[in-house]
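Number of protein chains: 2
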Amino acid sequence: MLVEIWSDVVCPWCYIGKRRFEKALERFEHADQVQVRWRSFELDPRAPFRRSGDMAGHLAAKYGLSLGQAQRQLEHMDAMAAGEGLDMALADTKPGNTFAAHRLIHFGYSIDPGTGAATKEALLHAYFVDRVAISEPDELARVAASVGLDGAEVAELLASDRFADQVRSDEREAAELGATGVPFFVFDRSFAVPGAQDPDTLLAILRRAWQRSHPNLEVITGPAAAVCDGDACEVPA
Amino acid sequence: MLVEIWSDVVCPWCYIGKRRFEKALERFEHADQVQVRWRSFELDPRAPFRRSGDMAGHLAAKYGLSLGQAQRQLEHMDAMAAGEGLDMALADTKPGNTFAAHRLIHFGYSIDPGTGAATKEALLHAYFVDRVAISEPDELARVAASVGLDGAEVAELLASDRFADQVRSDEREAAELGATGVPFFVFDRSFAVPGAQDPDTLLAILRRAWQRSHPNLEVITGPAAAVCDGDACEVPA
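Here the protein sequences come in this chain order: A and B.
Everything in the first sequence is counted per this note's numbering, starting at 413 for the first residue and increasing by one.
Everything in the second sequence is counted per this note's numbering, starting at 413 for the first residue and increasing by one.
Isolated chain A (complex conformation) (with noise of 0.2 Å):
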């Protein structure tokens, strides 16, 4: 069972549904069977490269709100990741474009899956628990050789535009599948699951899942189901 699913490393949403997931599949009798891909998602593709100012001031000039309900926003996202056992402060997270860290997950997904995963979760922990910038080259570089990647083949993906087609490709399919934010959990292409549903939740569709494409056998039978048998064969009336 493949299951995909869209997210940005900027995303709180996605990083607390990532350990949703991960609880989720820990709980699932074929997770031994299930293949996770992460595809690449951003929340803002004409997001500057740093974005001036503080999350809690960006958010109340955006919704109107004062900057101390926008702070109480930010800290109630911070209790729910603290539920998830993720140390974030969003207060205190760096934002900025995302596309080059999206090119990186490709990267590693070039290597093998295992590595893709990897890279998308050091990303993530780099970005939330590390208040890392995460449009830096450095930075990116840093989180790269984290997992292994070959520091000379970052260097030159981050002075390229490398796998920016794959990014654009997985970004053109969320939008096909209907995906409008992330998370977007979608399953064997039969089930789409936006936002970071609960443990249960999420296993409750793997189960749905596995069990669509792992069907009992339906036995049809008709009028002229004319068989042979032993050594004789029927003949419909």
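Derived from the structure by calculation, the hints contain no laboratory data.
Just so you know, even glycine gets a beta-carbon here, dropped at the ideal spot from N, CA and C.
Treat each hint with caution, since some may be false.
Over the 10 Å line for every Cβ pair with chain B, so calculated as not near, a few chain A residues [what the hints assert, rightly or not]: (1) Asp420; (2) Gly429; (3) Arg449; (4) Arg462; (5) Pro525; (6) Glu533; (7) Glu565; (8) Asp577; (9) Ala604; (10) Pro627; (11) Glu630; (12) Thr633; (13) Val639; (14) Cys640; (15) Asp641.
Part of the chain A face toward chain B, derived, beta carbon under 10 Å [what the hints assert, rightly or not]: (16) Met413; (17) Leu414; (18) Ser419; (19) Ile428; (20) Thr527; (21) Arg584; (22) Ala587; (23) Thr592; (24) Pro606; (25) Gln609; (26) Leu615; (27) Arg620; (28) Trp622; (29) His626; (30) Asn628.
Chain B: place on chain A using the hints.
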């Protein structure tokens, strides 16, 4: 999509069913993505090498029919076969044990799928249209040569029990899938269809099986579907 068809080479409904399935497949819009695999099923594994007496007499004795009734049953089946373009004359067939014929089909598949399928068709044609004694090594060798199987290898196969395990494995699977007679069609291990159904029915099942293995995306939303969207993230109440 994989369609597996259990059948015997001495089973008239199998040959009729084969033609009906071929007609259905011709009309199926995804025919180029269908892989067909003919699987072994001996109607009578204890059948003697060559059965003495004629078909009508055998049928009459077995079912307590008069010879005339038995002959009419055979003629009725001949007429059904003629409806599918098959020049059968069941009363003149020369039944016998089909184990070696099935081993030959597996040998064909060991070369390539096309040769496996051609061996199956050639054996049915030899038995029903050419009225060949299906157990005779010389006849089997002739049929094998007609589909390009290597003569020396075929001679060795006929003198050994090569591919016996594969025939038995097919038959074990048939039992596990609930087949008690043949033909027995299994679509993607998802739908089982016993009997020589008409082309319209088989086409409908091809479409249903295709639909099941290529379902439309179903979107599942739940109360905790927290997503990030644009550069902001909703916080569920």
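Here's how the hints hold up against the structure:
1. Asp420: The claim is violated: Asp420/A sits with its nearest Cβ about 7 Å from chain B, within 10 Å.
2. Gly429: Non-interface label on Gly429/A violated, nearest chain B Cβ at 8 Å vs cutoff 10 Å.
3. Arg449: Its Cβ never comes within 10 Å of chain B, the nearest being 16 Å, so this holds.
4. Arg462: Label holds. Min Cβ-Cβ 14 Å, cutoff 10 Å.
5. Pro525: 23 Å, holds
6. Glu533: 18 Å, holds
7. Glu565: 30 Å, holds
8. Asp577: For Asp577/A, whose nearest Cβ neighbour in chain B is about 24 Å away, the distance exceeds 10 Å, so it holds.
9. Ala604: 5 Å, violated
10. Pro627: Violated: least Cβ distance 5 Å, not greater than 10 Å.
11. Glu630: Violated, since 5 Å does not exceed 10 Å.
12. Thr633: At about 6 Å from chain B, Thr633/A fails to clear the 10 Å cut-off, so the statement is violated.
13. Val639: 3 Å, violated
14. Cys640: Violated, because the least Cβ-Cβ distance between Cys640/A and chain B comes to about 4 Å, which does not exceed 10 Å.
15. Asp641: 4 Å, violated
16. Met413: Nearest chain B Cβ about 13 Å off; hint violated.
17. Leu414: With a closest approach of 13 Å, the Leu414/A hint is violated.
18. Ser419: 9 Å, holds
19. Ile428: 8 Å, holds
20. Thr527: 25 Å, violated
21. Arg584: 15 Å, violated
22. Ala587: 13 Å, violated
23. Thr592: 6 Å, holds
24. Pro606: 5 Å, holds
25. Gln609: 5 Å, holds
26. Leu615: 12 Å, violated
27. Arg620: 8 Å, holds
28. Trp622: Check failed: Cβ of Trp622/A comes no nearer than 14 Å to chain B, outside 10 Å.
29. His626: 9 Å, holds
30. Asn628: With Cβ-Cβ at 9 Å, under 10 Å, it holds.
Figure legend: structure checked against the earlier numbered hints; hints not met, in rising order: 1, 2, 9, 10, 11, 12, 13, 14, 15, 16, 17, 20, 21, 22, 26, 28.
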